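Residue strings, one per chain:
2 protein chains.
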Amino acid sequence: MINILDIKQFLFDKKIDFLIINNTNQFFSEYLPEKQQFIKYLTGFTGSNATLIFGKEKNYFFTDGRYLLQAKYQLIPAISHIINTAETSVFSWLNNNITSTQKIAFIDNLINVSDWQKYNEITNNIILINPLDIDPLQYFWSNHEVSTSFICPDEICGLSSFEKRQQITSGNPNKTFLLTNSENICWLLNLRGKDLLHTPIFFSVAILHPNNKITLFANLENTKHLNLAKNFIELFSFDEIENFFSNFHPIKNQIYTDFSTTNCYLYNILLSNNFSIHKQTCPITKQKSIKNLREIAGAYQSARLDSIALIKFFYWLQYQNKAKNFNTESKAQQHLEFLRRQSPDFFYESFNTISAMASNGAIIHYQCTPNSDLVINSNSLFLIDSGAQYLGNDFYGTTDITRTIAIGKPTPEMILHYTLVLKGHLAIARAKFPKGTKGYQLDSLARQYLWQFGLDYAHSTGHGVGSFLGVHEDGCGIGKNNQNVLLPNMILSNEPGVYLPDRYGIRLENLLLVKEYNQNFLCFETLSLAPFDYNLVDSKMLSYPEKKWLKEYHQNIWQQTSNHLNEAEQNFLLDSVNKFSFDIS
Amino acid sequence: MINILDIKQFLFDKKIDFLIINNTNQFFSEYLPEKQQFIKYLTGFTGSNATLIFGKEKNYFFTDGRYLLQAKYQLIPAISHIINTAETSVFSWLNNNITSTQKIAFIDNLINVSDWQKYNEITNNIILINPLDIDPLQYFWSNHEVSTSFICPDEICGLSSFEKRQQITSGNPNKTFLLTNSENICWLLNLRGKDLLHTPIFFSVAILHPNNKITLFANLENTKHLNLAKNFIELFSFDEIENFFSNFHPIKNQIYTDFSTTNCYLYNILLSNNFSIHKQTCPITKQKSIKNLREIAGAYQSARLDSIALIKFFYWLQYQNKAKNFNTESKAQQHLEFLRRQSPDFFYESFNTISAMASNGAIIHYQCTPNSDLVINSNSLFLIDSGAQYLGNDFYGTTDITRTIAIGKPTPEMILHYTLVLKGHLAIARAKFPKGTKGYQLDSLARQYLWQFGLDYAHSTGHGVGSFLGVHEDGCGIGKNNQNVLLPNMILSNEPGVYLPDRYGIRLENLLLVKEYNQNFLCFETLSLAPFDYNLVDSKMLSYPEKKWLKEYHQNIWQQTSNHLNEAEQNFLLDSVNKFSFDIS
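Chains as they are written, first to last, in the numbering used here: chain W, 3 to 587; chain A, 3 to 587.
Please keep in mind that the hints were generated in silico from the structure rather than gathered at the bench. Incorrect hints may have been included.
Since the list can't tell identical chains apart, any single copy or any two copies may satisfy a pair.
[What the hints assert, rightly or not] Straight-line distance between alpha carbons at most 16 angstroms, and here's what the computed EDC-like set of lysine to aspartate or glutamate pairs gives: (1) Lys333 <-> Asp375; (2) Lys437 <-> Glu89; (3) Lys437 <-> Asp458; (4) Lys215 <-> Glu165; (5) Lys434 <-> Asp458; (6) Lys440 <-> Glu89.
These numbers come from a predicted model, not from an experiment.
Could you put the whole structure together from the sequences, leaning on the hints where they help?
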């Protein structure tokens, strides 16, 4: 296999000063199939956000606040320089650290056109290399996943693929789109696949023609059985892309594509055929972020299934602890998955569960390993962040929910921190806001109470969530730089937190549906249903409207789930419902 | 004088379809000398933000939310189409309403380079005309103000002009700056003037050379007495600009200038001399927004002087009303100015006082006229927004403060609205936030309580404030699009409000100083000192920390001002201090 010395030798031979490798694949998906995880293989790092810069002497590892602590624990010593992208982006680092004579290189299909154009502004000494140059035996980045793709019925998807295509082409007449985001393509075509462990997609590239026909490039073995021709989809293998474009004549010779997901290998094919290339944000990104009525019904149903599993889980955990039958993080994680599996509609988890006791909870995207696996019995906090993909006979959906609970007796500081996070969570859940409000305008509402104590969290407050698709979806969100306007029927998460390294972490996450409040204002409805931990709430810090919300929320959990719980579980839930029944007369 | 028919004839003769005139002058100052107020003359509109588009048939008037109601009342019938720029910007209106064959025109020195470049992207049929083309007798836009400029001593300014220039040139070696913002130039040179009624500047254009020397273009009659040569300032009249540049040879032939304040007349001079022109935000904008220690001391002193006048004013108003000696808005305004004038350091008002009773308060930037002048005696709210420029022997400063008080017995709805605005005001005043936070991140904190009731306000939450300079200053602020990072020693306003057309308006405004809270966090200190109206506060809606802040704030007002009040005024203030002495044990 490749090692760091091979890469150094390559840089030396080719007189390259810096080779920049992003932790992605040619489709820029957030999660990667195991065999595309080059950075994990090379460095030991298991998070998603990462860029590795190989220099002739030193190597540099870039990641964001969610993964800094994790990188410190995981990275092999050869990668000693960890840089926080919130402080120094890869771009500004290169801008400050390369001289005009130094040469930098990217792998052609691991850099998108936007980034490529940006880097070209800071240096002319920049080249693209083929992945085979550093991976001649193709250990990594191959597309030959052997998974079977499948059709999602239109009744579940809410709209036929043809209707979805018409929505785009009617707003973009005579445009030929090169689509390069696999999640968007799967959503548009009402197709799904199993190329990833947690996101039900297959990787693909597609052309949407002005007449609503589709040219699809994908792994033929996994897709040809679908008889796509009847749905106006012409199927080709990935190997045929170059050949296809050399014989292709789009209207006015123009191609529209999203530079943030189009890699430079594809871009060079377009350039070499002299198309007039127009940059346009993929219109599907916004289209699919606004859920249709079937998708919204699926989100309610998925939330209810999730809720039942979570209540049973917390009851089980409490019962086991009372019986001094202490479990580890990994056992808890397995048991929660077991409980979710009791639903016949459970497809798989929507991401690797974060089951984190005490100090492990301070690692925002913690992944339990045999070495780190703590027993859930000390006097501290236990954080569990999990989700599922559901596919039933008449619905589909994706969930993501986090709760933090006290194990043993919490300290006053834990109660303070939990209450501050909860107040931030409620500020978002209860928010009403004028139409036209952007994600960045709401972010501080969630942080304001923590800020009063000099505390904050190094991740965004909320991300878009797919419908039987990616658990992290562009198109909407709440974060200090999120420019997306919030629109009715978007689904996103609400997940403020606080993280004290070497001590504990707290995160409280529900999914939200954007709704109309009145003619001029929008509001959120909370979809996720799981009790908060009353033992961690300082009710003196809660306002009247906050108490009212919490009371009604817990009563709603009872209404939605109690029929599916046994008596012991019902009593367990009832205890929370009663505790949150504040006197708000 | 010019009239609208003349302009129509001009458009007809020159085959121009749309002539766009911004309410500004060649220096893009927010406020204009009377003789530059072309839009006011032509339309009757007295606000600052306005763009007028003359079409061959119809005319269109663009303004923002602060002035919409005012425009509806003031505009002459010939200008019937009022467009809200929050919904449709001038740019997008033109983009949607002109055909490729239609010709549009701007007056060369009333459009800046940024806008010019933007408009050129939507049409090639675009021309610049000379102001003399539509104003041959030069009624408007002439620069020949007859006001005397003067020097501000370095001890008051806090830094010598030479030190200020060095701060810029050391960070921008070998750059030649064309400076086009008169406030920035005055601040940089420690000079002031009286070209405007409320902002103590003289209009000018300047070159900052890499060796820290200055070439200043200004009205010679007003400036030549200053003996500027000893301060390395070479003085020319405005008429000499073209001639100067034709003989000027900057380093590397490069000129740096801010495209947002450089007009197209100047830009064309640079172009015609073949300089290499670089766009750069004027570095003085940020530099002067971070106040130095003398300026901060001046802000405290100015706030105290303002506070004394305001307390005396509110005592007087209450006393007069009790005696059934009711005053009008204009009388109140005059009396407040009279009280401010009692300080020998009062220079003039920093803007036209907004003295607005009942429904007039709903006009955000209301200006009292003989026709609108209401008596302050009905059962409603009275809003007064005022400020001053102070220049003493050892300090200078600029203030801006708004209070709203109940006249007679307030309704429960008034109390609710006032308390919501107050809670928003306190959320900003009490905010702590991480270093690096931008203005747009804090804006919603001020709106969140109003939003809960479907209410909002159509202006930003806060603007930067100068030091014996513009009361509205770029460089910092709090607004939904304000990108400026908040930095220690910036001074800005905190002024949420709510406006119910035909009923009343509420605004509560104080000035804030940005301070370090700890190593990672910043906070605000409130500079302005004037009591809130307890009769309009629903204390049940206040949290413990809000009550604590209000209690301490009113106690501080007493400490800072009581020595300067007579016994009756002291008792009046003491009443507020006592009412806000919440039991917060």
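Each hint tested on the structure:
1. Lys333 <-> Asp375: within (9 angstroms within a copy, 76 angstroms between copies)
2. Lys437 <-> Glu89: between (33 angstroms within a copy, 12 angstroms between copies)
3. Lys437 <-> Asp458: Close across copies (11 angstroms), not inside one copy (28 angstroms); limit 16 angstroms.
4. Lys215 <-> Glu165: Close inside one copy (12 angstroms), not across copies (67 angstroms); limit 16 angstroms.
5. Lys434 <-> Asp458: Answer is between: at 11 angstroms across copies they meet the 16 angstroms cutoff, but 23 angstroms inside does not.
6. Lys440 <-> Glu89: Between copies only: 15 angstroms across chains, 24 angstroms inside a chain, cut-off 16 angstroms.
Violated hints: none; the structure is consistent with every hint.
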